[in-house]
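Undergrad: Residues per chain, in single letters:
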Amino acid sequence: MSIYTDAKYMDVPYEDKLKLFKEVKDDMRYDHNLYGCYECGICVAACPSARFYDFSPRVFAQIMAREDVDTFYELMNDSVWDCSQCYSCTRCPRQNSPGGIILMMRDAAVRAGLQSAKDALRAYSRIIYKVMSTGTQVAPDMLQPDFFPDWGTDVKAVAENLDVWRRAIPPETLHTTELAWDVSEKTRLELYMIWKLTGNLELIEGIDEGIYMILEEVMEELLDDNGYDIDDFENILEE
Amino acid sequence: MVTIATQTPAVHTESKVPMKEFVRKGEPPTEDYREKLFELEAKGELEVQRVPEPIMEVETKYGRKKKIPVEHTWHHKSCGQCGHIPGYSTSIFWLHRQFGLDYFDPKDQSSCTAWNYYASSTSNSAAQAAIAVRNFAQAKLDGYFPLIHCGTSFGHYKETREEIIHHPELRDQVRRIMDRLKMPFVFPEEIVHYSEWVHAMRHRIAERQVLDFSNLTITVHPACHYHKLVVEDAIYDRELYDGQRTAIVTGLVEALGANAADYSTWHDCCGFGFRHILVSRDFSRSFSTIRKIERMKEEADPDITLTHDTGCVTTLDKSQFAAQAHGRNVGIPVMSDAQFAALSMGAHPYNVCQLHWHGVDNKPVLEKMGIDHAKAWGEFEAIAERIESGELDFMTWEDADVN
Ligand code: SF4
Ligand code: SF4
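In order, the protein sequence lines correspond to chains A and B. Counting from 1, position 86 in the first sequence corresponds to residue 86 in our numbering; the numbering is continuous, with no gaps. Basically our numbering = 1-based index in the second sequence + 1000.
The shape of chain A in the complex, shown without the other chains (with noise of 0.2 Å):
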């Protein structure tokens, strides 16, 4: 039972909970990321994320230490995506990462396709495929003005001029479009193996189905091409 009234999620079984929680207890990076709380809010200070949202990586620390299982679930639906991940908070004088114990969360809730991490990654899955479907995670054709409107009158003049101005920058390597930089087919086949060995492509089937479904017909193709089979890259974590 939850120590706060106001708690949420009371309706959530406490084993399912307690899951999650020994999940993240169990991960081979917990021990590296909290050594106990003093509670004096440097992190806090130091936190961006604290400053614009009711948010507070003191109580990650806190709510792992304690081993409070009902208001980590709430934390892990209500407040894990509100972090930056920009790591101020390892100014912390026991040599905790709040942000560390909030990315185990993270891979926790994504793992286990909480409705919460699909709603925070919802506008996010195009970024997704980009990223494991050509290696590079942002590329120039994504500067668009409706996809960037607060960016200014500068992404439209990129994005209209885009073909040219790709080719009128020296290095060879540059000269893309859909691509960051020219990722080899050597190096995207490499990247498709890694994905499958490490169930990461099942991972994106519990959070998007769509995504899922085309990411696994371009690297089914792209194996297939080189004369492997996709289905000969079972998933090694789970041996």
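Simulated from the structure, these hints should not be mistaken for laboratory data. Since the model is a prediction, treat every value here as computed from it, not as a measurement. Treat the hints with care, as some may be off.
Stated by the list, open to error - Pairs of lysine-lysine, BS3-like flavour, derived with a Cα cap of 30 Å:
| # | chain 1 | residue 1 | chain 2 | residue 2 |
| --- | --- | --- | --- | --- |
| 1 | B | Lys-1107 | A | Lys-186 |
| 2 | B | Lys-1036 | B | Lys-1140 |
| 3 | A | Lys-156 | B | Lys-1107 |
Add chain B with the ligands to chain A, keeping to what the hints say.
TA: What follows is chain B with the ligands alone, placed relative to chain A:
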């Protein structure tokens, strides 16, 4: 009522040491990751790629010396730099070419994918480590040493190094993946950020300086993933900020004779946020303009703010447009240390530094530097027109250096 004493204190003891001198005593509080890597290599677990000669030595946070290669570098490019700030990467290459240094710009390089990981958690430690090692193995096979352009790749690879050193099960997973890829398990002796190369080269850059920067006031934004992730592996210098803050970028500003101005939110993040800059930009815009740009403007009124990472340039620069529309006190041009260094050595502002991809109007500062931006833009447009007409396929390095 509390009164504040204004008279001279009754007892005053002169300090016997200069007030601000910082003397590092004792052993560093953290382990030496290089020793750990060499131990793993001695056990046959992985191969450590040595920093190639000639080497420049710099000091890191707790006094350990870090080796920076002068040349023979494998340029691990940055998605955001190449994609949205192409003059950033181009300036890094241009500097190497000016000094006649041997470098390699590979196509067999993937992103570190850490921007995505910090934004969405749609990956895991094994994949992230394997991606790092695949890039490192490729660099070794190509015969060059990795020079990391992105601050997040730099920070993430340092985290990956710690995980690889401490977790045998992760090493086992990476080894099995690399075996399937038919590539060796390689890790570099040092993880080197390009801005460390710029820092170590700053006096050589200053020797080749052709523009006078003594009338420029510069604020520096240090990248979080450079000096806050794995803190001990960042450059510190007793001569700068009394060794209490990373010397990166500020060292270059001073070497080029510009005035580095301080401001109260120097330690703050830029507001990039990884996912925020793409899908929750209200946060990024607010933080970068209210906590960084407005503070700099009020306290230092700089001509430029310089930084050394992809997301910082983008966030600090692009966030100012909407803030300006709301009448906020903004309007500071933003660029990377590499572009600033290149300009000082006479690089073309558009052909090389590609400043037309930046948001905030940088023409006033170009004028202050003594650059005829109208003429330079005409030169860029003339080449662009030849590309558009099909006369040229693309701009060559020779085309770029028209002036
Ligand atoms: S990593 Fe997250 S919790 Fe830590 S300071 Fe940055 S925004 Fe705050
Ligand atoms: S800085 Fe560290 S010890 Fe202090 S409240 Fe934050 S996590 Fe706890």
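Undergrad: Take the hints in turn and mark each one as holding or not.
TA: For each hint, the structure was consulted:
1. B:Lys-1107 <-> A:Lys-186: holds, 9 Å
2. B:Lys-1036 <-> B:Lys-1140: With a Cα-Cα distance of about 20 Å, the restraint between Lys-1036 of chain B and Lys-1140 of chain B holds, given a limit of 30 Å.
3. A:Lys-156 <-> B:Lys-1107: Holds, at about 29 Å.
Taken one by one, the earlier hints all hold for this structure without exception.
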